[in-house]
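Here are the chains, one letter per residue:
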Amino acid sequence: MKRFIKRLIFFFAFPIVILLVGYIIALKKVNSYHPEKNITICYIGDSHIQKAIDDKLIPNSKNFGKSAEQYLHSYYKIKLLLKDNPQIKKIFLGFSYHNLSAYSDEFTDGEKTAFVGTKYFFLLPAKEQFKMLKSAKENRNILLKNLVKELVNSNLKKPKDLEFIGFYQNKFNNSKADVKSINKRVRQHFYKDNKIIPFSQKNIYYLKKIIELCKEKNLELTIINSPLHPIYKSKIPAKYTNYYMEFCKKNQLNVLDLSEMKLAEDCYIFDGDHVSAKGSEIVTKHFQKLISSQN
Amino acid sequence: MLFNSLGFAIFLPIVFFLYWFVVSKNLKAQNTLLLISSYYFYSCWDWRFLFLLIFSTLLDYYTGLKMSNSNSQKSRRFWFWTSICINLGFLGVFKYYNFFASSFAEALSGLGFNVHPSLINVILPVGISFYTFHGLSYVVDIYKNRIEPEKNYITYAVFVSYFPLLVAGPIERATHLLPQIKRKRSFDYYQATDGLRQILWGLFKKIVIADNCAQYANMMFENPDNFSGSGLLLGAIFFAFQIYGDFSGYSDIALGTSKLFGIELLQNFSFPYFSRDIAEFWRRWHISLSSWFKDYLYIPLGGSKGNTWMKVRNTFIIFIVSGFWHGANWTFIIWGLLNAIYFLPLLFSNKNRHHIEIVAKGHFFPSTKETFSILITFGLTVFAWIFFRAESVSDALNYISKIFSSSLFEIPRFPKMGRAKTTILLTVFMLIIEWLGRENNYALQKIVPKWKAPIRYAFYYAIIFCIFWYGQKEQQFIYFQF
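First to last, the sequence lines map onto chains A and B.
Take the first sequence: its letter number 8 is residue 8 in my numbering, and every next letter is one higher.
Take the second sequence: its letter number 170 is residue 170 in my numbering, and every next letter is one higher.
Excised from the complex, chain B in its bound form (with noise of 0.2 Å):
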């Protein structure tokens, strides 16, 4: 069941009907509600992998139970690893065994030994990378002593199978989550509005930016060859939006659907693309990942601390991870190589927290050098993103090799040029939105409700006409599939 799927249109008023009419006075019944309703919004994708999701959530619940109630650290650290092995056991057979087993036999026939390792023929289950990370975090921490362990089953189930971020985040912590999960809630009608007007922006995103830049980036990475070198770059801009209304578009309507049960979920997005260098771009894109990376692995490793050798090995780590935490390809791998080369200059010259605050703050325009900044790091970005897209190294290679070509100053021309005109155009707008709302959570966030009504309800039906005008067939999260 997709959010912008006409199932979904259904399932969410009624389970905010039963959630806020018939069970809105007992919070056990509420958090039973929620758990069956995520339940079967996963079992639409596929009924049989709900079972590895309840075997990881029961897994990790009692892992975290037995850990609290042991006498011994031997104990302790049995359970733990028990569990960080199952689920990163699950994780390395549904999503990396057949990329290891064929880059092995691979390495072996370029010694001279023939091998044919026996892949596994098995679809990746939807959302298995977001809840193991859920069911992580959870261990972790308790190991660490930072949390007590959840003892009701259903209240730590709603925690990792929350159907709003069930299948693609934000990666959540028990520190914010488990809380809300716990406290009773009430209906707040602010807060209600602003998760619709935060789920229309998601559903613009994805339905009118990113399904539209989806035709034109797949026409020019499916057949590069085709095209001239300015259609390329085009095709790699367009890809570069449509990842980004894609995912935030995702998060968004995952964000304004938890508030419409009373459950704020942590920010995933904060205007990346406004991003004065690479640094502060990643602490702006998919934020719940980028802090759960830092919080589990790169401070574990020592962090930013130590000497020089340290700082890159754990730059290299951090982003080479990332890349594969996102698929079984060398193309993800080499991604996160990109980033971290474009992260290591900043952290040598310690210029790697320098922007913390969004550009222009309290200002209508940037400043020239910001601009300038922000050209660039769109830019490198954008040439990282290649590698994200394309289906192998090789592919990548070439494509930008047709990029930087004689053919690159040429006007660019392609199959349903009025079409994409009005793509680029909507993304203009989509961009001077989000730049007018930078300083808040979202874009509509606080601009929107300032208005007047006449003016705000002929935004909102203005927004609605566009999802509806220029929507395509109904298409996939790209995250779902990672």
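Bound conformation, chain A alone (with noise of 0.2 Å):
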């Protein structure tokens, strides 16, 4: 039996060494990584705002935008980005309706963690990292096999490229809203069942969290809506955009809306909640004409 035992132990003690071995160096590799120097501006935030601001158009400042990033990981991600980085002075936080709906929460919490949380695994404290592997319960091959493709590139590739990071990034060249589309994201963001979602206190919680950060460190924070459809927004429900509109008077945000920024059919991706590559080039002209007024 001993000897069985002994076998055993050192026959998945190897890959464990191996695997943890390779998790220390993801996280050092995470945390040594820094943004350029001269970078004073950052975005921060989901698809939405990654689509809409073309950094490369804005001098001094980087998009840090990933598809379906949740307030959880953009407050990991602000830490990280200001650990002995005082020269950044402004965070621009992308802050939408649908950043309230508990639908957010499958992908921190729930099966599509899977898919989207594990590029921020190494990102994240050791309570969150656990939580994390304990979600997705029927996608958890998938999830353990995407931690395992994280930890693989984590160690070969240079801190920059990162996949958590995120980058400016709009590949929608030729496309136009659909109303049959816009509705189903309407469906897909707010309703359940044909009852409105409640809201997410996990995102509320993380969105505060950051608002705290930025006080703490005398950053100045931002908020960005994002351009959407009119009829997209015509189709938000009254308990989402009336709380928005509290939760920015009650924390004082700075708000930039441009959710009801008029643009054509064509400045929209087929969902109506995110712009296109035409409507991010107006985007950022207009965005960029708005920072310099104000300052």
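A portion of the hints provided could be inaccurate.
What the hints assert, rightly or not - Residues on chain A that point at chain B, a partial pick, calculated with CB under 8 Å: (1) M1; (2) F4; (3) P15; (4) N141; (5) K145.
Note that these hints are calculated values from the structure, not bench results.
From the three backbone atoms N, C-alpha and C, an ideal C-beta is built for every residue, glycine too.
Put the two chains together into one complex, using the hints given.
Below, the structure is given as structure tokens:
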């Protein structure tokens, strides 16, 4: 029996040691990330800000937006960016109505964590890492597989190329809004079984933590509500728009509300809540004017 | 709790630890632990059906004792038929009632009578076909004076409910398993490592081969109109490997798990896709069920003795019942019928026991004739699997008609082609390993231990990597539904 147990331990110890070493290297690699020294403005958030602001058009700024990023991820990303980087003065955070919806929790505690959350695994504290391992019950195999992929990537890639960092990306060159897709999107964001989805307590909690962090570090935090197609906007439940306004007011947030910006149909992609490449160019120029007038 | 789930990966080491470290010195305690673990394992599906399992166990246990203590043949016969009727009654109600009721109503509506039978809305208790057959064989063996009844309830209950075989077999015999349960077991290093190796190979077949093949088989069988004849043919082949990987993988995990507890179960698969004719295929596929039907149905009916009519009748009965055992659907009955039709020419020409040994024994490659025979047998099996997999007979016929269309000679195209190519390569890899190990009980049994340690460990790690990398969502084993 002793021989059996000894061999079994030895057999499993080998890959476990390799994984542990890889894990430590990945943590170190993530923590060694520094943005370029000339970067003073950061754009943080999900695909809405990622697709809307082309940072190449605005000097000394970098878009760190990443598709499906939640405020849990953004909070730890901002923490990492601020570490030893006092040159960063302004944060523009994407905040739209859908960010309030508990639909987002699928990306941090639900099945979609397997596909999205794993990119941020090494950025998160141990407690959140453990929570992630317990999520995605049905997609656990995929979650574990993606974590190993992330481990390998984090060990092989340079810190600036790590998956979670994010960058401006908009490949929608010939697109336009489509009413059917817009309706589908609204349903996905705000309704489940014909009932309005409750607010995401987790997103609200981490949004508040981001606000506190920015205050603590003396950073200028501005909220960007990216452009929305009029049909999409008109269908957002009042519960959401009211809470959004109250939240911004209560927390005395600077808000750049572009949600009602007038754009042509081909400035949106099919779902009506993201701008196309053409829309992005217009939005970035408009945004540039706004911030320069503020300065 | 599935064998390929995280829950089982935690459950198994705990039971193993308690079995060998806490209760190893006491056989009674070991058996009690096995029984409690088995009941817990079963209740993870639906604890309510645990009562059915316990009732069925108690029934056969007492029937055995009563038959043994009876002085008169009449009393023995009474207890025997009571047990048979109740066991088959449960199976009939849970598994076949809806099928018979709706088929009867359809037949009557054909005659102009509209009948609306009330159907029962209850899920099939997992493993009912398997543990009922355990109980039946036990009762029949006592009735026929082949065995003595087991006096200890725990020993008998472990025989029926032993968790490695509880939900999908192999269907054990009292003569094989009960003596092992009653005997003191001591830990055997070689048996345990052999068990782990068999579990590993079973997981590979289930998670890598079956679950990946399932994606394409499901895609084709659910939407046959979207694919060419060649694509559908490939879909049927994918299903053939899905069901093989699924069920033989399950059996390997069951046998391997049992070896960890010092108990050997009956071999259930013996490389059936290398068979040279259908008779050989049925000696190598789901062996425990085939031999059960042979011993408790075919031979009592007269077997292959008697006149031609008797032979034909018995062949059809055994194959149709075997098909029907799999599920209450005409598709399974036609699947059984087809296999009977394949089998009859061999029986008439006295060639049904021509291929007893494994193909090309002692040789590396098969002869041209053997290769040809293997391919023909595989082709016939794949054709029959179409009925087994289809939702209805008309779906199966539609699928077959679409295969034999002009598009049969087109290059198959379907979504996720890259992944499908990987699945095909992995299936070929499995077939090569199975071919190399075909003279053993399972593929890795003797070939891998011969390799030098670094190669052997590299192979094990590669298999674990494949299981991890190519694994899909946890998917239930097909045979759990039977």
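Tell me the hint numbers this structure goes against, listed in increasing order.
Those not satisfied: there are none.
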